[in-house]
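Colleague: Construct the complete structure from the given sequences, taking the supplied hints into account.
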Amino acid sequence: MQFSFNTSAQPTLKKPPGAGPPLQVWSQYISYHCAVRTALFITCINDTLFPETGRATVELLERLGIGVDFPLEQTCCGQMHFNTGYQREAIPLVRRFVEVFKEYEAIVSPSGSCAGMVREVYPMAAELANDKRLAAEVEEVTPKVFELAEFLVKKLGVTDVGAYYPHWVTYHPTCHSLRMLEVGDAPLKLLRAVRGIDFVELPEAEQCCGFGGTFAVKNADTSIAMLSDKLGHILETEAEVCTAGDNSCLMHIGGGLRRQRVGVRTVHLAQILASTEERRKL
Amino acid sequence: MTIEAPDAFSKGRTPTFEESARESLANAQLRRNIGKATQAIRTRRAQAVEELPDWEELRQAGYDLKTRVMRHLDEYLLQLEESVHKAGGHVHWVRDATEANRIIADIAKNHEAKEVVKVKSIATDEIKLNEFLEEEGIKAVETDLAEFIIQLAGEISSHILVPAIHKNRAEIRELFIKKLGAEDLSDEPSDLTNAARLYLREKFLQAKVGISGANFAVAETGTVCVVESEGNGRMCTTLPPVLVMLMGIEKIIPTWQDFEVFMQLLPRSSTAERMNPYTSFWTGVSEGDGPKEFHLVLMDNGRTEILADDIGRQTLNCIRCSACLNVCPVYERTGGHAYNSVYPGPIGAILTPQLVGIGRPGTDSLPYASSLCGACYDVCPVKINIPEVLIHLRGRVVRHRQDGGGLKGKLDPENVAMRTMARTFSDRRLYEAAQKAARISQWPLARSGAIHRLPGKLAGWTEARDLKPIPEQTFREWWKSRNGS
Chain A
1 MQFSFNTSAQ
11 PTLKKPPGAG
21 PPLQVWSQYI
31 SYHCAVRTAL
41 FITCINDTLF
51 PETGRATVEL
61 LERLGIGVDF
71 PLEQTCCGQM
81 HFNTGYQREA
91 IPLVRRFVEV
101 FKEYEAIVSP
111 SGSCAGMVRE
121 VYPMAAELAN
131 DKRLAAEVEE
141 VTPKVFELAE
151 FLVKKLGVTD
161 VGAYYPHWVT
171 YHPTCHSLRM
181 LEVGDAPLKL
191 LRAVRGIDFV
201 ELPEAEQCCG
211 FGGTFAVKNA
221 DTSIAMLSDK
231 LGHILETEAE
241 VCTAGDNSCL
251 MHIGGGLRRQ
261 RVGVRTVHLA
271 QILASTEERR
281 KL
Chain B
283 MTIEAPDAFS
293 KGRTPTFEES
303 ARESLANAQL
313 RRNIGKATQA
323 IRTRRAQAVE
333 ELPDWEELRQ
343 AGYDLKTRVM
353 RHLDEYLLQL
363 EESVHKAGGH
373 VHWVRDATEA
383 NRIIADIAKN
393 HEAKEVVKVK
403 SIATDEIKLN
413 EFLEEEGIKA
423 VETDLAEFII
433 QLAGEISSHI
443 LVPAIHKNRA
453 EIRELFIKKL
463 GAEDLSDEPS
473 DLTNAARLYL
483 REKFLQAKVG
493 ISGANFAVAE
503 TGTVCVVESE
513 GNGRMCTTLP
523 PVLVMLMGIE
533 KIIPTWQDFE
543 VFMQLLPRSS
553 TAERMNPYTS
563 FWTGVSEGDG
573 PKEFHLVLMD
583 NGRTEILADD
593 IGRQTLNCIR
603 CSACLNVCPV
613 YERTGGHAYN
623 SVYPGPIGAI
633 LTPQLVGIGR
643 PGTDSLPYAS
653 SLCGACYDVC
663 PVKINIPEVL
673 IHLRGRVVRH
683 RQDGGGLKGK
693 LDPENVAMRT
703 MARTFSDRRL
713 YEAAQKAARI
723 SQWPLARSGA
733 IHRLPGKLAG
743 WTEARDLKPI
753 PEQTFREWWK
763 SRNGS
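Same order as they appear, the protein sequences are chains A and B.
Read in this note's numbering, the first sequence has 138 at position 138, and its numbers run on one by one without any break.
Residues are numbered in this note's numbering as their position in the second sequence, beginning at 1, plus a constant of 282.
Since the hints were made in silico from the structure, they are not lab data.
Backbone N, C-alpha and C fix where the C-beta goes; we use that ideal spot for every residue, glycine too.
It is possible that some hints are incorrect.
To be verified - These stretches of chain B come out as covered by chain A in the derived footprint (C-beta under 8 Å, 3 or more residues):
id: 1; region: 302-310
id: 2; region: 608-621
id: 3; region: 668-681
id: 4; region: 745-756
id: 5; region: 759-765
Unchecked claim - Below, computed lysine to aspartate or glutamate pairings styled on EDC-like, alpha-carbon distance capped at 20 Å:
id: 6; chain 1: B; residue 1: Lys318; chain 2: A; residue 2: Glu206
id: 7; chain 1: B; residue 1: Lys762; chain 2: A; residue 2: Asp69
id: 8; chain 1: A; residue 1: Lys218; chain 2: B; residue 2: Glu696
id: 9; chain 1: B; residue 1: Lys293; chain 2: B; residue 2: Asp378
id: 10; chain 1: B; residue 1: Lys318; chain 2: A; residue 2: Glu236
id: 11; chain 1: A; residue 1: Lys102; chain 2: B; residue 2: Asp709
id: 12; chain 1: B; residue 1: Lys665; chain 2: A; residue 2: Glu182
Unchecked claim - Chain B stretches covered by chain A per the calculated footprint, using a threshold of three residues with CB under 8 Å from any CB of chain A:
id: 13; region: 656-664
id: 14; region: 713-725
Modeller: This is how it looks when you write it as structure tokens:
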């Protein structure tokens, strides 16, 4: 697989408006960009339902000088199947992921739970497949998988991405970002550096929103009970936007907010970070 | 005083978690009682744990010790038996609930006991000891305040540590007036406690046999340890001339020194205390002090099956602290009864189905009673990776249905849908075709910019949530058009 460099959006190193990151950080991007082949692992949910998040991720990374490749053979990481118990069915998807992405040196995903699936659950899948070769390949590929905020803050060392987003925003730390990947306060650091933003802390933020994949349907009543409390806390903040690093949780939270007609939107973190004064994102 | 609600360890079919949760979720008083209580305990636990700079090392030590015990359980059990014998106690090995009940009832009968006093013990609840004794004409009196309340109410426990967590003091007052004939009783906790104390003191002094569970048993010395808060355990283990202790075989710790780790882990995790009020240690019998006869009943009841499962094995590390219940967002809302087991919450969701075996609809639903948020794993003092075991058990449930369920299992709509989707995801062209097909076929549902109602099993989603329709262009279509490929 050849490193495809797209010509239409040649990464530009134009300094974003306002006080940008210091020079040494920029030089880090440049060296990273030259040295590392980075792939976008979009996830099937984002690909199909939230293409705007994928576009924002690409634009954001390119603005920071990271050229990303999008291997078109990628489909689904198999999380839904594996976590619902259809584990034998998920193993071909694990093999596929490893095959598609093994060439790359960094694999970035705008989804905490799908990145978590690969990094933390793939070893268990390889064990179940009883396939030593797959286990070795999994071991090689998993440390290269990053959730977007984690990639920016921990890998690139950048917190100010030059974003502009003049809205009242609160942030829900999704469980797999928080407890599985341990991204810590990386998303908060990124949000606090956004210009124009009015950031409001979410009470009881670390409580699960109740999505949980097929849990949301299999145990709909419990899922909705958890969601109701989460929505209550979001409304308490009086924010107009609730953001997170995972569109699956946001689909659940946003679906609840929309049903109640409370006038609060959900927007993926990537879209906030991609938004600039010239190119405002929703 | 019979228990009406059947649970996973009773005969017959138990409801699924979904069915029971629906009922519990609609109970406003229960929601409030449990919500308040769990929030309070989990805040205090976090503070108690924060005081220890080496908490993570302690957790690791707890995990390592328990893992070693499980690896050499056969040797430690024999060592324990020998130590107990040396200290003048009797050891009984039982395979299942029937054998355990029989032995305990026989010991009571040998001493012509018509009434026995009990320390709170989930192991005895697991085997339905009280019901068995009642059939044999022996009354078992629960002496832990919360267990006593539950017994009076004819209910089952809804929490490992705080069995009556679902009840508030007004409910308890009404219960005491009705069942104990207490008059002029206020709903002040001290008054309620006093009413129970008056009743129980007499029982302690009359009982010939005390029955207890065990928190730990030391293989090296034969010492059995009971950790408690009320002093009822101390009285049960010291006043009656005969003491019977029932323990699951996994409760062993190798040496006395290991208490250093567990006595720091357990109280902080369960009651958010630096130290619990009463910790009793019994090593066989001693002249002039405590019981004259000591019986230790070592129970398997499904545990060796768990031991044989590489991933499931860590479940046996559990020291029943209940920290996982208090942080669980599912438990906080449904309460313990929705789990239909004496082991509720996240630990119950992995322990119960393994103890009774995969393949029963009621208990097979338990591993799904979790959003996999991972809060339980974070607080577990012996580092049981509960989400990992939940996922592993879901796999076992599905494989059991697929392989053993015949044609019905294979034609199950969920199975067909999942297999079709897996096939679709395995082929890029099929996947892209499915994206297009879904976009076109959603039109009858996606009016006014959102999907308000989904069909079939997916209807649960749209009960309280709208769904965003699939937009005009997928990400990959955008990427292809941008790159002209």
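Colleague: Look at each hint and say if it fits the structure.
Modeller: Structure-based check of all given hints:
1. 302-310: This one holds; 3 residues, not fewer than the three required, reach chain A with a Cβ under 8 Å.
2. 608-621: holds (count 4)
3. 668-681: Answer holds; 9 residues pass the 8 Å Cβ test.
4. 745-756: holds (count 10)
5. 759-765: holds (count 6)
6. B:Lys318 with A:Glu206: The given pair, whose Cα atoms are some 17 Å apart, holds under the 20 Å limit.
7. B:Lys762 with A:Asp69: Given that 20 Å is the threshold and the Cα spacing comes to 12 Å, the pair holds.
8. A:Lys218 with B:Glu696: 11 Å, holds
9. B:Lys293 with B:Asp378: 14 Å, holds
10. B:Lys318 with A:Glu236: 19 Å, holds
11. A:Lys102 with B:Asp709: 18 Å, holds
12. B:Lys665 with A:Glu182: Roughly 16 Å separates the two Cα atoms, so the pair holds.
13. 656-664: holds (count 4)
14. 713-725: Answer holds; 3 residues pass the 8 Å Cβ test.
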